[in-house]
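Asker: Spelled out, the chains give:
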Amino acid sequence: MTKETRLIVRTHSGEGTVDVGRKLGALLHGGDVIALSGELGSGKTWFTKGMALGLGVSPHMVVTSPSFALMNEYEGEIPLFHMDVYRLDKVSDFLDTGLEEYLHGEGAVAMEWSDRWPQILPDWCVQVHLTVLDETSREIALSGQHKRAVAILEQMKQELER
Amino acid sequence: MILLGIDTSCDDTSAGVVVDGRRALSNVVHSQVKVHHPHGGVVPELASREHIKNIMPVVEEALNRAKVGLRDLDGIAVTIGPGLVGALLVGLYYAKGVSYASGVPLVGVNHLEGHILSIFLEEQLPDFPFVALTVSGGHTNLYYVEDFGQYTLLGQTLDDAAGEAFDKVAKISGLGYPGGVAIERVARQGRGDRIRFPRAYLTKGSLDFSFSGLKTAVSLFMKKWEDHPDDVALADIGASFQESVVDVLVDKAILALRQKDAPALVLGGGVACNQRLRERMKVRAVEEGARLYTPRPEYCTDNGAMIAVAGYHRLQSGHCVGLDLDVRSRFPL
Numbered sequence: 001m002t003k004e005t006r007l008i009v010r011t012h013s014g015e016g017t018v019d020v021g022r023k024l025g026a027l028l029h030g031g032d033v034i035a036l037s038g039e040l041g042s043g044k045t046w047f048t049k050g051m052a053l054g055l056g057v058s059p060h061m062v063v064t065s066p067s068f069a070l071m072n073e074y075e076g077e078i079p080l081f082h083m084d085v086y087r088l089d090k091v092s093d094f095l096d097t098g099l100e101e102y103l104h105g106e107g108a109v110a111m112e113w114s115d116r117w118p119q120i121l122p123d124w125c126v127q128v129h130l131t132v133l134d135e136t137s138r139e140i141a142l143s144g145q146h147k148r149a150v151a152i153l154e155q156m157k158q159e160l161e162r
Numbered sequence: 001m002i003l004l005g006i007d008t009s010c011d012d013t014s015a016g017v018v019v020d021g022r023r024a025l026s027n028v029v030h031s032q033v034k035v036h037h038p039h040g041g042v043v044p045e046l047a048s049r050e051h052i053k054n055i056m057p058v059v060e061e062a063l064n065r066a067k068v069g070l071r072d073l074d075g076i077a078v079t080i081g082p083g084l085v086g087a088l089l090v091g092l093y094y095a096k097g098v099s100y101a102s103g104v105p106l107v108g109v110n111h112l113e114g115h116i117l118s119i120f121l122e123e124q125l126p127d128f129p130f131v132a133l134t135v136s137g138g139h140t141n142l143y144y145v146e147d148f149g150q151y152t153l154l155g156q157t158l159d160d161a162a163g164e165a166f167d168k169v170a171k172i173s174g175l176g177y178p179g180g181v182a183i184e185r186v187a188r189q190g191r192g193d194r195i196r197f198p199r200a201y202l203t204k205g206s207l208d209f210s211f212s213g214l215k216t217a218v219s220l221f222m223k224k225w226e227d228h229p230d231d232v233a234l235a236d237i238g239a240s241f242q243e244s245v246v247d248v249l250v251d252k253a254i255l256a257l258r259q260k261d262a263p264a265l266v267l268g269g270g271v272a273c274n275q276r277l278r279e280r281m282k283v284r285a286v287e288e289g290a291r292l293y294t295p296r297p298e299y300c301t302d303n304g305a306m307i308a309v310a311g312y313h314r315l316q317s318g319h320c321v322g323l324d325l326d327v328r329s330r331f332p333l
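Read top to bottom, the protein sequences are chains A and B.
In terms of this note's numbering, the first sequence opens at residue 1 and continues consecutively.
In terms of this note's numbering, the second sequence opens at residue 1 and continues consecutively.
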């Protein structure tokens, strides 16, 4: 483990949040895990819409909240597994659903409400925390410690500065 | 023709027996709501093992109530998507096993087609073409339906489903689970015009939906309200939220009727149980000179009978399948 790397971005619209997600998505490889957190309505699903675009998922595919279904899959250049543990009560429920296998699969994973059970997240995940500033503005904090996460964040920093 | 329909696409394990895609002999749902309510909020344990535990007793109960045996069946219809793969697999493999052992043909069904066709379990039937609004915890879709098997998606939610908005707002406001029932109940005591929550109509003429902004607006409102309730009651918040969702659902469904010049509107899905939605939709449909068709609540929520209806029409058009049938987590109609 290296020291934590951290990036902070502010967005002022849903589209702005999508754009940050798109930049991150474009940097991902199969097996990368993005651990999303933030209160209801902070933009986790919108951020994931952007990730899908960045991963080469067709813009005609509508990325919607996976809260009800627990996980939605999208075919891209790299497949995207969009999961949400909002409705699960216990970590054992998570294990029972079989979703854990996708954390070690071939696709990129975006997991909403990932802060519920940090122990299930792999070391190499990138944490993305969204904070509501007002009706339309969000603060997005991206962080990670593992060398793969740091590599993603270094590239992301360049993308954001561009 | 007698069909057994099985659905395990999400929280409920359900099975029903239907004659000729019209008359339900039984409709059994093992709802997990009661089991999970004591946890006070978040929802169910969605584990596939719940379905594994439930499926045999639920199917047996459906056959018993219908007073039919496996040898009376002409087909077994099972939901193969969309839904959670682990949950869908339980229904599919159970159905495959029964089909293999009994020799009864198997047919795979799209859960959404089941919701659209659930109206065919009722006495009053719509003529084709019609517009169907399928609105539940996982879906908010508008379809143009020209015949059995001919569905055109007109619009869908871009973020949260309407039912999900009800559940999440109920959680934010501490109203409990299931959110749709809790909000509808409290809303009867409140004023729907007390707070003007946003209505997302998106671009002009769009038949797509968005409910995440509304969820955020309620969440921000609640934070202020907890410190300064003024004279706003919790019931007013529930009623105002419900009014906002109903406004958008009604306006978009009516717009779809106009755009397609369709004579009838059919509701389906769990949110179609909402009385306020039914009343408001009826008034507006009548104003448009269109007829509104609403299945009774037990056919709106997830159920096996609607899967038998959809399966019947699939079999009629020669869609019998083999045992190599697989599930599909994403399954656009």
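Keep in mind that a hint or two might mislead.
[Said to hold, decoys possible] Under 8 Å between C-beta atoms, here's a sample of chain B residues computed to sit facing chain A:
{"no.": "1", "residue": "Gly138"}
{"no.": "2", "residue": "Gln156"}
{"no.": "3", "residue": "Met222"}
{"no.": "4", "residue": "Gln275"}
{"no.": "5", "residue": "Gly289"}
{"no.": "6", "residue": "Asp326"}
{"no.": "7", "residue": "Arg330"}
In case anyone wonders, no lab produced these hints; they're calculated from the structure.
Just so you know, even glycine gets a beta-carbon here, dropped at the ideal spot from N, CA and C.
Asker: Would you mind marking each hint as holding or not holding in the structure?
Answerer: Going down the list of hints, with the structure as the test:
no.	hint	result
1	Gly138	holds (4 Å)
2	Gln156	holds (6 Å)
3	Met222	violated (10 Å)
4	Gln275	violated (22 Å)
5	Gly289	violated (32 Å)
6	Asp326	violated (14 Å)
7	Arg330	holds (6 Å)
Of the numbered hints given earlier, the model fails hints 3, 4, 5 and 6; all others are met.
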